[in-house]
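Colleague: Chains A and B, in that order, give the protein sequences. Under the working numbering, think of the first position of the first sequence as 187, with each following residue one higher. Under the working numbering, think of the first position of the second sequence as 11, with each following residue one higher.
Bear in mind the hints are in silico, worked out from the structure with no lab data behind them. Note that the Cβ used here is the ideal one computed from N, Cα and C, for glycine as well. Treat the hints with care, as some may be off.
To be verified - Among chain B residues calculated to face chain A with C-beta under 8 Å, some are: (1) GLU137; (2) ILE138; (3) ILE141; (4) ALA192; (5) ASN196; (6) THR202; (7) GLY204; (8) ILE205; (9) ASP206.
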Amino acid sequence: MLKVDQIDVFYGAIHAVKGLSIEVAKGEIVTLVGSNGAGKSTTLRTISGLMKPKSGTIVFEDNNIAGMAAHKIVASGLCQVPEGRHVFANMTVLENLEMGAYLRSDKDGIAKDMEDVFKKFPRLLERKEQVSGTLSGGEQQMLAMGRALMSKPKLLLLDEPSMGLAPLLVKEIFHIVQEINEAGTTVLLVEQNANMALSIADKAYVLETGKIVLSGTAQELASSEAVKKAYLGG
Amino acid sequence: MNSIKKHDLATLGACAVLFAIVQTLLFVDFIGPFWELNIILILINVILSVSLNLINGYTGQFSIGHAGFLAVGAYTGAIITVKLGLPFELALVVGTLSSALLGFLIGLPTLRLNGDYLAIATLGLGEIIRICILNIEYVGGASGLMGIPRFTTFAWAFWITIFVIFVIKNFKNSAPGRCCLAIRENEIAAETMGIDTTKYKVMAFTIGAGFAGTAGVLFAHYFYIAHPASFTFMRSFDILTMVVLGGLGSMTGAITGAVLLTAISAALAEYPEWRMVIYSLTLIILMINRPQGLFGSKELSLKMFGLGGSHNGRATESK
């Protein structure tokens, strides 16, 4: 479904992602784990078009989307939940979700998906009319995810959904990610919380200073000594 | 939808009454030439602040080069009527369009910048326009373009102001307007929702620049002259001050800001030595006590006083 081939991404003179290649098959949950500054978010931002790669190709469903404008990439069915949530702070929860369906015009489908989102995130339903800037961190993360789902993506990119959340909430969020995946959406997940990420993923890549250093099925990596030592706390 | 139209008609009716009253007062000379001039100036400033509010308030792009577009409108309009001897109506249209075109051309590259960088770029742009005009002999260079006939009447200024307010108000409530608000709220999120952020930023910038041009045509055709000194960056700051004072992102705020500041400045005209002191003090006091501006990002409406309509009108509508 998604094939990233040898991309190089720079921040000015800093070579943040170096010849990185990953592959995501339809229906999978794939995770990129690694420490701070490894280039995980940069990779995700490059895939979703917020950044442009200097070289390499990104093929999404037979189209090369490398360097395409972000809004066009969204239209092709790939939606990112940016790191740090980024909700429209002065809009209500409902308005945020409506923004998510910005590119769609099928009213019935939108209404149905709205219901689905509220079913997945009952807390959002309770706070439908609340201004989203006043939600808690966890609720904002749910809103950002719900909003992304409203665009009915084929591939959902999640950037650090656990950032700054209480452990219980993290569990809940990951559980929902699994649900979303079971409902047919492919997920590419970037996480620092490698333990959690590996527990729900099918396939995983380990990033270090802009390069893939390890890859394999999530189980393989979770039991690998090197990964355990570096990321899973012994 | 029906109720919105009704509401608009009611507002339009109120405007017509207001217009009739002021026009009558002008006609019987109750309002003398000094205040007539200031009323026109207020209307021009309302156009400027409302159009700048579209860029700075609704779309969240910090532009401070509005005087540049004002200048383009003023000079283009004057060229049409003075140099080419064509009618005022045409001057209004061409002045608006040329300003909008310039806004579009400038907007494309500069709106990729954010925050401070955009502010500096637009500030520079305003100055570049002024310096260019200063050096074009055809339009009078440093001595300005003189002999412009006074075509701007209270009626012209008033109805154009109402028109601009209506256009911008409707733009805000349209789909592109919503996109602009989303960009202001969070550009990254807007982008990841599939909004072509550059397109809507440029759209807002173009419309705002165009209406500043309209204000320029009115300005030049009231004061008989278009002079580069009227379009310095201080003029841009004046407009910005009106918007910020009223509350960034509030249409009624922008209107109030323009009316208030122009009126204060006019009322203090008799005490020139105290004028800037009082003017500045007003601003300082207001900014300390209400940093979000008079209205914040809210609109003045009957709802504000708990009258008429449910508070979630829009949200319930879309259910």
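Colleague: Less than 8 Å between beta-carbons is the criterion; does ILE205/B satisfy it with respect to chain A?
Modeller: With a closest approach of 6 Å, the ILE205/B hint holds.
Colleague: With chain A as the partner, please determine if ALA192/B meets the hint condition of a C-beta pair closer than 8 Å.
Modeller: holds (6 Å)
Colleague: Using 8 Å as the Cβ threshold, decide whether ILE141/B counts as touching chain A.
Modeller: This hint is violated: ILE141/B lies away from chain A, its Cβ roughly 32 Å from the closest one there, beyond 8 Å.
Colleague: Report holds or violated for the interface hint on GLU137/B, using the least CB-CB distance to chain A and a cut-off of 8 Å.
Modeller: Violated, because the Cβ-Cβ distance from GLU137/B to chain A comes to roughly 29 Å (cut-off 8 Å).
Colleague: Do the numbers back the hint for THR202/B, that is, is its least Cβ distance to chain A under 8 Å?
Modeller: holds (5 Å)
Colleague: Going by Cβ atoms only, is ASP206/B closer than 8 Å to chain A?
Modeller: holds (4 Å)
Colleague: Does ILE138/B pass the interface check with chain A, least Cβ-Cβ distance below 8 Å?
Modeller: Not OK, violated: ILE138/B not within 8 Å of chain A, min 28 Å.
Colleague: Does the nearest C-beta of chain A fall within a distance shorter than 8 Å of the C-beta of GLY204/B?
Modeller: With Cβ-Cβ at 3 Å, under 8 Å, it holds.
Colleague: So, as I understand it, the hint says ASN196/B touches chain A; can you test that by seeing if any CB pair is closer than 8 Å?
Modeller: holds (5 Å)
Consistency with the previously given hints fails for numbers 1, 2 and 3, ordered from lowest to highest.
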